[in-house]
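There are 2 protein chains.
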Amino acid sequence: MSEGRTELSGIGEFGLIEHIQQMFSTKHATSLKGIGDDAAVIGAGDGSMVVSTDMLLEGVHFDLAYMPLKHLGYKAVAVNISDIAAMNALPEQIVISLAISNRFSLEAVDALYEGIRAACESYKVDLVGGDTSSSASGLIISITAIGRVSNDKVVLRSGAKANDIICVTGDLGAAYVGLQVLEREKEVFLTNPEMQPDLEKYEYVVGRQLKPEARMDIVYDLAERGCIPTSMIDISDGLASELLHLSKNSKLGVKIFEDKVPIDHDAFETAIEFKLDPITCALNGGEDYELLFTISPLDYEKLKNHPDIHFIGHMHDNANQNVMITKQQTLVPITAQGWNHFTSA
Amino acid sequence: MSEGRTELSGIGEFGLIEHIQQMFSTKHATSLKGIGDDAAVIGAGDGSMVVSTDMLLEGVHFDLAYMPLKHLGYKAVAVNISDIAAMNALPEQIVISLAISNRFSLEAVDALYEGIRAACESYKVDLVGGDTSSSASGLIISITAIGRVSNDKVVLRSGAKANDIICVTGDLGAAYVGLQVLEREKEVFLTNPEMQPDLEKYEYVVGRQLKPEARMDIVYDLAERGCIPTSMIDISDGLASELLHLSKNSKLGVKIFEDKVPIDHDAFETAIEFKLDPITCALNGGEDYELLFTISPLDYEKLKNHPDIHFIGHMHDNANQNVMITKQQTLVPITAQGWNHFTSA
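Heads up: the protein sequence lines correspond to chains A and B, in order. By the working numbering, the letter at position 32 of the first sequence is numbered 84, and the numbering carries on one by one without gaps. By the working numbering, the letter at position 159 of the second sequence is numbered 211, and the numbering carries on one by one without gaps.
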């Protein structure tokens, strides 16, 4: 590479994905939607299959010091199913590539697969294949999930219209706050291994980090209420980042209201304890795996009484104006860009 | 794991896969074939989709000291397409998960994706999605390939019948011999960086290691000649290992003839130079990515003039007798078990 070196940290994860996207075009008629959504859409008979893949690496995405292997197995499946949910599809199969080193025993692998099996049962998916190999040191788990959806129900990131209502499920920021608790306890443990952690008061936020659930329940609820979102994405990198994806893909602006963003009470209190701004955790925390979607105003009646869907704002015509109205009625731009994996810590 | 620790090296890769397989059952009607073949088979409309996944790790599956990134990208796709070929299917899409560290530049990533793109063009597949993340050190690339096949043409490992003829494509052992050359040149280079390697006479064997091709051409040729193999597998771990897979899955014995096993002249000579037995390289070398399949004796006429298909033996009723007849007319058991990734080097 004698002609020069461009650092990956300079373009970031999303820049890299766009860069790769530009190198490729699709040729098969069955390649209905390629790079750039939560999952690829592939024509299959009278419907479509959606395909999503995610890799989790020890030391990058999880720390076995506080992540039990069974939970890791469950989470690895859940984060992939979350992408299938974000397409408004029903998951059916997964394949798993696993790399493990000799430091793991068969019992450890069993614990991991027990978590995978529990997730397969919970999300009604079949494990149908995979690949196992050795790793020089860390544990690496890569899952590809396959779902089905009829062609009139598939939801992309790009379908929002001006005045569509922006909806979010559950609550946000708790997974990030939970991670802070776990990191602190790890430090305490490393300093004084005799100390037993007291995590009871942090049960909810820690659980959100260690045991995330894909919101398949919402996909079923939407179908039951006859509502097809106009655009949808799952919140893996943080609300701000995902809002910007919807904005960019739908070529519209987003406007949300701070006081509408759902934050759990425990997550709020714990954020304050860690001297973190709760709304910042909700906007940029990531790993909540809630669904962010837009609906036509005509569909509001169908969802308005749903106990776990929150209406946080709306889409508007100015694609360059992505803003949040704060509780003080000031207007702040939404600029977060998710996590830049390529910047050194 | 206080109750005891079972080492992974004790059960090996295939033992581990069987162990995992026993933990899972499939529930969806569309899960036609789960764990235990080259690819999963999923019902899709009036045909089937086949799905295969493979992960390549730096330091385990490749060494960037002699593997150019462009070749690595090509190979990562080819080894997955090879699994699709082994199902007698046509590949259409791939998704890629990539983990890279900051030590790689954008130019390096471009070189990798140029190889991926070349493979996509060569095998007529569309890259439709993926995931990129950072890695603490090494490069990791996990690919899932998706292919299509009509239900009457899908070929499993399990369909062979007694007296079926065992066929193998191309030649075997060269990729392993090529690896020995590359490893030696690396040592020489590390000892004396001024020394320029002279690889010309090893061009074929080194090429087999660095630039393997999936035998999609054979899949097209079989279709053109109206021949559907009764069982098929690709040779990634070595002929012996794959023969045992066909034996086990088809519940039959295999009998092959040493003098029928195709070994390239350069591979033979280079093996001798390295004091390796050429037939051992062919049986246990791995990474040739040729196809091993069985055909009904009735189909022999259709293939007998094919320039690159070799008839090396036949299936027989005694599932416990997997043997090779040597050039000296002695009978040796086929016992190789592929590479045990979990044994420390």
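Quick caveat, the hints were computed from the structure, so don't treat them as lab data. Just so you know, not all the hints are guaranteed correct.
When chains are identical, the list treats them as one kind, so a pair holds in a single copy or across two.
[Stated by the list, open to error] When the alpha-carbon atoms are kept at most 25 Å apart in a straight line, the in silico BS3-like pairs for lysine-lysine are as follows:
#: 1; residue 1: K213; residue 2: K327
#: 2; residue 1: K122; residue 2: K79
#: 3; residue 1: K79; residue 2: K176
#: 4; residue 1: K79; residue 2: K205
#: 5; residue 1: K253; residue 2: K379
#: 6; residue 1: K213; residue 2: K122
#: 7; residue 1: K379; residue 2: K263
#: 8; residue 1: K205; residue 2: K356
#: 9; residue 1: K263; residue 2: K253
#: 10; residue 1: K379; residue 2: K205
#: 11; residue 1: K300; residue 2: K327
#: 12; residue 1: K238; residue 2: K307
#: 13; residue 1: K263; residue 2: K213
Going through the numbered hints above, which ones does this structure break? Give me the numbers in ascending order. 1, 5, 6, 7, 10, 11, 12 and 13
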